[in-house]
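Asks: Please model the complete structure; the sequences and the hints are all you need to start from.
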Amino acid sequence: MAGVRETAVEPVVRGEDGSLAEQVWRNAAEDPDAVQFIRPDPDPRSWPVRRSGRGGALPVTCRQFRDDVLALARGFLAAGLANGDRVGLLCRTRYEWTLVDYALWSIGVVTVPIYDTSSTDQIRWILADSGAVGCVVETADHAATVDGLRPELPALRESWRVDNGSLIELAARGRTVDAGAVDTRRYAVTGDDLATIVYTSGTTGPPKGCMLTHRNISADIGNATVVLPQLLHPGASTVLFLPLAHAFARLIQVGMVCNRATLVHSADVSGVLDQLRRFRPTFILAVPRMFEKMHDQARRTAEDTHRGVLFALGERTALRYSQALDRPGGPGPLLRLAHLLFDLAVYRRLRAALGGRCRMAIVGGAPLGERLAHFFRGVGITVLEGYGLTETSPALTANLPTAMRIGTVGRPLPGVRIRIADNGEVLARGQVVFPGYWNNPDATREALTDDGWFRTGDLGRLDDDGYLRITGRTKEIMVTAAGKNLAPAPIEERIRAHPLVSQVMLVADGRPYAAALVTVDPQAWQRWRNQHGHPGASLAKLRDDPQLRAEIQDAVDQANRTVSHAEQVKTFRILPRDLTEADGELTPTLKIKREAVQDHFADDVAVLFRGH
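Heads up, the sequence shown is in the working numbering, so the first residue is 1 and it goes up one at a time.
Watch out, some of these pointers could steer you wrong.
With beta-carbon atoms standing in for the labels, derived distance ranges [said to hold, decoys possible]:
1. L310 to R14: 24 to 30 Å
2. L313 to R527: 49 to 55 Å
3. D557 to T580: 25 to 31 Å
4. A345 to Q230: 26 to 32 Å
5. R5 to R349: 41 to 47 Å
6. D603 to R14: 52 to 58 Å
7. Q523 to T474: 33 to 39 Å
8. G332 to T449: 27 to 33 Å
9. G330 to Q230: 17 to 23 Å
10. D41 to G332: 47 to 53 Å
11. R336 to A140: 45 to 51 Å
12. T580 to A443: 27 to 33 Å
Keep in mind the hints are simulated off the structure, nothing from the lab.
Remember, predicted model here, so these are calculated numbers, not experimental data.
A virtual CB, placed ideally from N, CA and C, is assigned to each residue, including glycine.
Replies: Right under this line is the structure:
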């Protein structure tokens, strides 16, 4: 298809004129007994447990949530928070995160989320740049970090700690404040008031504070709800394990409240599969890496139980079945029969890992490989890939159950207009586009065109039906010494599809050819070394092993066949360990910080180009 340069979908709903917190009061009035949240194993020291169920999962109704929000909002008023003040929120994904968010919104205060894994320098920057007057932290370590920064944060007056009862004490202080004062403040909030300042995780440079208004967020989730009724509706449920500091997870939080669906917070990422089996959500929100790991784990389990051949046949059938769904007439009778048999033998086990009720998932943050998308749709879990940025509240486009094209990030949501600039950059406009960066007019001018389009920094193309395909990042385009332009994402994605591979980073800028740094998945490594007679051996010791290199070379060869000669990876280097967020090599959403990786593994980069 030749493609088009611009496409748009008219808005179905407009952003609300008031506070996002208004929905909390509306829910309590219209359906007070609907279960809005489930608190897994709640700690009464963090927020009161008022009903039976201590030590087990505790449901929170719409009425209870309104009462909790009101109690904490009165506490924040007692602490002297004024309309427009900024308050930091340094905490993992848990009920108290959402409670603080809505309590602040109900009195016109701006929430400033901070990833719980942020470094001291990042916390200092965010609290200082935002001028935060208060900060809610989760743990003693967080509290110690913030207390240590107080001399550099003159605006910071007070902090509250979640896990030691500080929020309970704050709510107790609020009993001296009339409940009507919260109503007065809530009614005064307009849709154009700031709801939050979200600092981009940033693969380069200090984070920038994206200002998002109540209207930005309500317009985004309102229109998404209209086109995704299969996901967001009363009776729907999800286990949310991505960090709420990320705008995508935050949007789902707002969507669950707006639709009186049930949200389960899961702060312990390592225990997510247990939570999914326990609470059996109807859909999940995840990053592509989770699905890569699910697929690889299922294959390893099958091989370990002598069912490897069955899994391989089931995988092939799932791919063929999903691909046939996109063709006129759909799957034929023999393929349908084979699919039914493998559903009984293979696919149900995979769905059971997500609780058994989950038939849809939303992914974002990175591209999902087409093969993986077809595989999961073939086993009965439709993975809807979407696209957006923090600056766009964040969702711009999405594949829908009724309008899906695997390999793309879907068509614009209602109210969004997408344009492809002459240089291939994706531009966007609509109510979801932010007003600018906090305290950074130069960056705002850079991000917005003179006629109001937001420059996403992503390269893409639209097909004739308006589906958007992301092809790379403008800032990540690499130019070899021969002057060839390379977009690293496509070939990195294909190499990463190999079960042994965890991360891939292309190195080509100013170089004579493209090369790659590759990391090995820690779980896959343990299995591989045992199978090849190296039990207990470290990756650092065996990374040049001919058998290991041959397997990675096979992944590289397969990826090279999908790109032009100039884009092909000529050589690679296996790194001695995986990339980590703790070492500053990955963002909280698992994007590679390329400069940091090249700096940390400079010797390995040198080996790639030795003699040139």
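Asks: Determine for every hint whether it applies to the structure shown.
Replies: Consistency of the hints with the structure:
Under the hint 24 to 30 Å, the C-beta atoms of L310 and R14, about 52 Å apart, miss the expected range. In this structure the supplied range 49 to 55 Å is violated for L313 paired with R527, their Cβ-Cβ distance being about 21 Å. Distance hint for D557 and T580: a CB-CB separation of about 28 Å, consistent with the stated range 25 to 31 Å. As the Cβ distance of A345 to Q230 is approximately 27 Å, the hint placing it in 26 to 32 Å holds.
In this structure, R5 and R349 meet the distance hint of 41 to 47 Å, their C-beta atoms being roughly 46 Å apart. Distance hint check for D603 and R14: the Cβ-Cβ separation is about 56 Å, which falls inside the suggested range of 52 to 58 Å. For Q523 and T474, the hinted distance range of 33 to 39 Å is satisfied, since their beta carbons lie about 35 Å from each other. Remark: the range hint 27 to 33 Å for G332 to T449 is contradicted by a beta-carbon distance near 49 Å.
In this structure the supplied range 17 to 23 Å holds for G330 paired with Q230, their Cβ-Cβ distance being about 19 Å. A C-beta distance of roughly 49 Å is found between D41 and G332, which places it inside the suggested range of 47 to 53 Å. For the pair R336 and A140, the beta carbons lie near 57 Å from each other, so the given range of 45 to 51 Å is not met. Here the CB-CB span from T580 to A443 is close to 28 Å, well matched to the stated 27 to 33 Å.
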